[in-house]
Amino acid sequence: MPDSTLVGLHHEEEHHPELLHHFADAEQQRDASSLGMWVFLATEVMFFGGLFCAYLIYRRWYFGDFAAASKTINMGLGATNTAVLICSSLTVVLAVWAAQTARRTLLIVSLVVTMLLGLAFLGIKGIEYTDKFEEHHVPGASFSFNNVPIPGRPGEYANPRHAQIFFSLYFVMTGLHALHMIIGLGVFTWLLYTAWKGRFTPEWHTPVEIGGLYWHFVDIVWIYLFPLLYLIDRHP
Amino acid sequence: MEIAIPQSPVAERENYLNAKYGVWSWLLTTDHKRIALLYLLSITFFFFIGGFFALLIRLELLTPAGDLVQADTYNKLFTMHGMVMIFFFLIPSIPATLGNFLVPMMIGAKDLAFPRINLLSWYLYIIGGVMMLHCMLTGGVDTGWTFYAPFSTNFTNTKIVEAGLAIFVAGFSSILTGLNFVVTIHRMRCPGMTWSRLPLFIWAHYATSIIQLLGTPVVAVTIVLVAAERALHLGIFDPKLGGDPVLFQHLFWFYSHPAVYIMILPSMGVITEIIACFSRKRIFGYHFVAFSSIAIAVFGFLVWAHHMFVAGISVYSALVFSFLSYAVALPSAIKVFNWTATLYKGSIHYDAPMLYAFGFLGLFTIGGLTGLFLSALGINVHVTDTYFVVAHFHYIMVGGAVMGYLGGMHFWWPKISGRLYPEGWARLAALIVFIGFNLTFFPQFLLGYMGMPRRYYDYSHMPEFQVLNVLSTAGATVLGVGYLLPMVYFLWSMRYGKPASDNPWNAAGLEWKTASPPPTFNFDEEPVVTWEAYNYEELDAPPHTQEVPVAR
Amino acid sequence: MSAHSTSSPLKMYFAVWIALLAGTGLTVYAATLDLAPYNAAVALGIATIKATLVALFFMHVWHASEKLTKLVVIAALFFLLLLLGLTMSDYATRLWS
Chain A
397 MPDSTLVGLH HEEEHHPELL HHFADAEQQR DASSLGMWVF LATEVMFFGG
447 LFCAYLIYRR WYFGDFAAAS KTINMGLGAT NTAVLICSSL TVVLAVWAAQ
497 TARRTLLIVS LVVTMLLGLA FLGIKGIEYT DKFEEHHVPG ASFSFNNVPI
547 PGRPGEYANP RHAQIFFSLY FVMTGLHALH MIIGLGVFTW LLYTAWKGRF
597 TPEWHTPVEI GGLYWHFVDI VWIYLFPLLY LIDRHP
Chain B
-11 MEIAIPQSPV AERENYLNAK YGVWSWLLTT DHKRIALLYL LSITFFFFIG
39 GFFALLIRLE LLTPAGDLVQ ADTYNKLFTM HGMVMIFFFL IPSIPATLGN
89 FLVPMMIGAK DLAFPRINLL SWYLYIIGGV MMLHCMLTGG VDTGWTFYAP
139 FSTNFTNTKI VEAGLAIFVA GFSSILTGLN FVVTIHRMRC PGMTWSRLPL
189 FIWAHYATSI IQLLGTPVVA VTIVLVAAER ALHLGIFDPK LGGDPVLFQH
239 LFWFYSHPAV YIMILPSMGV ITEIIACFSR KRIFGYHFVA FSSIAIAVFG
289 FLVWAHHMFV AGISVYSALV FSFLSYAVAL PSAIKVFNWT ATLYKGSIHY
339 DAPMLYAFGF LGLFTIGGLT GLFLSALGIN VHVTDTYFVV AHFHYIMVGG
389 AVMGYLGGMH FWWPKISGRL YPEGWARLAA LIVFIGFNLT FFPQFLLGYM
439 GMPRRYYDYS HMPEFQVLNV LSTAGATVLG VGYLLPMVYF LWSMRYGKPA
489 SDNPWNAAGL EWKTASPPPT FNFDEEPVVT WEAYNYEELD APPHTQEVPV
539 AR
Chain C
-2 MSAHSTSSPL KMYFAVWIAL LAGTGLTVYA ATLDLAPYNA AVALGIATIK
48 ATLVALFFMH VWHASEKLTK LVVIAALFFL LLLLGLTMSD YATRLWS
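Heads up: the sequence lines are chains A, B and C, in that order.
397 is the number of the first residue of the first sequence in my numbering; add one for each residue after it.
-11 is the number of the first residue of the second sequence in my numbering; add one for each residue after it.
-2 is the number of the first residue of the third sequence in my numbering; add one for each residue after it.
Keep in mind the hints are simulated off the structure, nothing from the lab.
Computed from a predicted model, the values in this text were never measured in an experiment.
Think of the CB as a built atom: it goes at the ideal place given N, C-alpha and C, for glycine as much as any other residue.
Any given hint could turn out to be false.
Pulled from the structure, derived: some chain B residues nowhere near chain C, Cβ distances all over 10 Å [unchecked claim]:
(1) E2
(2) R104
(3) I198
(4) V234
(5) F381
(6) G412
Examples of chain B residues lying across from chain A (beta carbon under 10 Å, computed) [to be verified]:
(7) L100
(8) T210
(9) V212
(10) A216
(11) L220
(12) K228
(13) I336
(14) F361
(15) A364
(16) F509
Put together the whole structure using the sequences plus the hints.
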């Protein structure tokens, strides 16, 4: 909270150009923005949480069918995407550090690399979705999942209806995640533009910090999606 | 008790209403007070839409036969009544109007933490509202406001996706309002405004915001799943695929139960302020009331499956949820005790806000106690999906939340508009609302207990229910008159009402230390708080002494 | 705003990055082993460690100057676990009777 002895005097202090009028000082503005982003991420936890809830229940009910379905999605691509996002989280923290230490070039390079990695993630996802489409694993009228063996249970075949539930959850969960990535790319486009204009300084680079928080959150969601969707049963 | 100032001939002092003119100065405003008024207009509009559907429902139920509308139409009527009233009236009502207006002022801030997000919140609400209106005008939805799967996902041919998206967008509005309040209350309190000095209205809105933030996303993703199931044939709740419709109910009620606490907590905050002011006493048990608000918010997330006792959940799970549902009544009971203790030996003034508060106390208590009946598994099985449940939730949402909303509108009307409403008419309206309300909904407890199912348009196999239904419809008409009266005299007062002083009620709270209506940035100088909340002894002690220089 | 020296965060960031990549490799490898019924627990355990590393060090929760940040994180996790746990309690006990 602002010091009471400075009540009414803040107009006379140096007014940072990025300070919004209703805040008493830059520190209050930064603390408010940061808290706002953290609270928003809490809502996102609950948003994805509903999907994880549905997933966990059906996985428990139809474990064998889910394992069979999981084996048909490309673990290599999924693992690559995990590594891509982890690298992008590194470049994000480098961007924040660059902003903190007035390294404009590093900031811009980090933001660009982050975005390229994000695009790579989406591209790989596109390949995966195309594969699923061609294999008729997209739920709906043309879904088919016949004679797929259940891992670890020789002679048993997956129930296509239950497998369809797996794929429904797969598409909704990864689709929603990809949507968040796209939004993240939009945010980072703005960050890149603003960094290019030279507006970020060690005193004020809040958008980079809170944009980074959002990106890390999207990474954390994938960190859970990958083992849950891709690694149910990969015993050879 | 109100102090009126004779109209002076000097030029009107600049305040938030006259600071700028023109439609765009309102539609692009970031002033939380103007946004509050934008919300006020919008939610009043939707209140009347929802009320219109209620009127048609009650007209149909005047006679046992289904003779006013067809069955499908009736399904749409109660669905649209519920969806509009819950998502477009009750959930935003107090937080978006009184909350938006008062939260910054009560904590001594110039605005909310994120004024532009506040405006975005209103636009999202409007977009959602327009989508819902369009949906209703082009056929509407017939699933009940609870849009259970698999009827909503597989069988109905009404506009689920559109209604769902409308609610999704409005839900985002709710989330952003909650986010704004939480950050504002944490970060923007003026010097000296410690947590223990906050008005309990603020504690109530803080607790409400927690629920909005953590619950709404779950119903949002549920709506996404339902829309995906309908539009893209991605089946998650489809029994043909082995899906579980009860899972839909879990995800739906995880939000929709805490949602009822979103609807009642702000009203409790209003009532606390009114009771303190019109008993001229500080609230008894301030910390108990403050922490009970947080307790309601947290406990409220633990009880959702009490809406599903007959849906097929496990008996052991039902036992746990039944027990927890009893527990959630405790913090509310604590509040009722503290309000009552505040009234005891207080100097009671029966102005209109206080009449609404008294109404709230009685009706909320009845509604809450009948909730305990419903928490008992044995009774629940008997009265589920009957009018007993309908009466229970209307006692809380209308007898509780709407009474609190009206009481708050009266209490803060001088601050919002700079005018006094006509007290005589206001007391009459409060009385009409109270009588109309009880006549409408008390018979419904009896009807439900006797076995009349809800959502039925034809009860001709039980014609003995007609008398109570006629009473209920008559009551609804009286209630409607009671709601119309304030619309009329509030509007009248904006032009012809007596100008209000800064603090016509001599009430405690920072919002009363600035002008009525307030200037755009709320205070001429940032306040510094050195006194405790509800310092009515000091306010009433003659002569008045001003402790710190504050806004004039 | 950071009171730390500017070089030490870099070492920490790269260390966490390596740990995250190693964790990914480990979880892929563990999925190929037959650890039933612990495969899921191992996978989720590794995922939780990775997520915790990202939150604590990349999102700076470890060095957060405000306790409030940590409270928000804990609150979000608490309510998520509530959703998952209480819902599961229905499904887990349905067959008991």
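Hints versus structure:
1. E2: With a cut-off of 10 Å, E2/B remains clear of chain C, as the shortest Cβ separation is near 37 Å.
2. R104: 22 Å, holds
3. I198: 8 Å, violated
4. V234: Per Cβ check, V234/B is inside 10 Å of chain C; nearest 8 Å; violated.
5. F381: 22 Å, holds
6. G412: Holds: least Cβ distance 48 Å, greater than 10 Å.
7. L100: Because about 8 Å separates L100/B from the closest Cβ in chain A, which is inside the 10 Å limit, the hint holds.
8. T210: The hint holds - T210/B has a Cβ within 10 Å of chain A, the shortest such distance being about 6 Å.
9. V212: 7 Å, holds
10. A216: 6 Å, holds
11. L220: 7 Å, holds
12. K228: 7 Å, holds
13. I336: With a closest approach of 37 Å, the I336/B hint is violated.
14. F361: It is violated, given that the least Cβ distance between F361/B and chain A is near 30 Å, above 10 Å.
15. A364: 28 Å, violated
16. F509: 8 Å, holds
The structure does not agree with the numbered hints 3, 4, 13, 14 and 15 stated previously, though it agrees with the rest.
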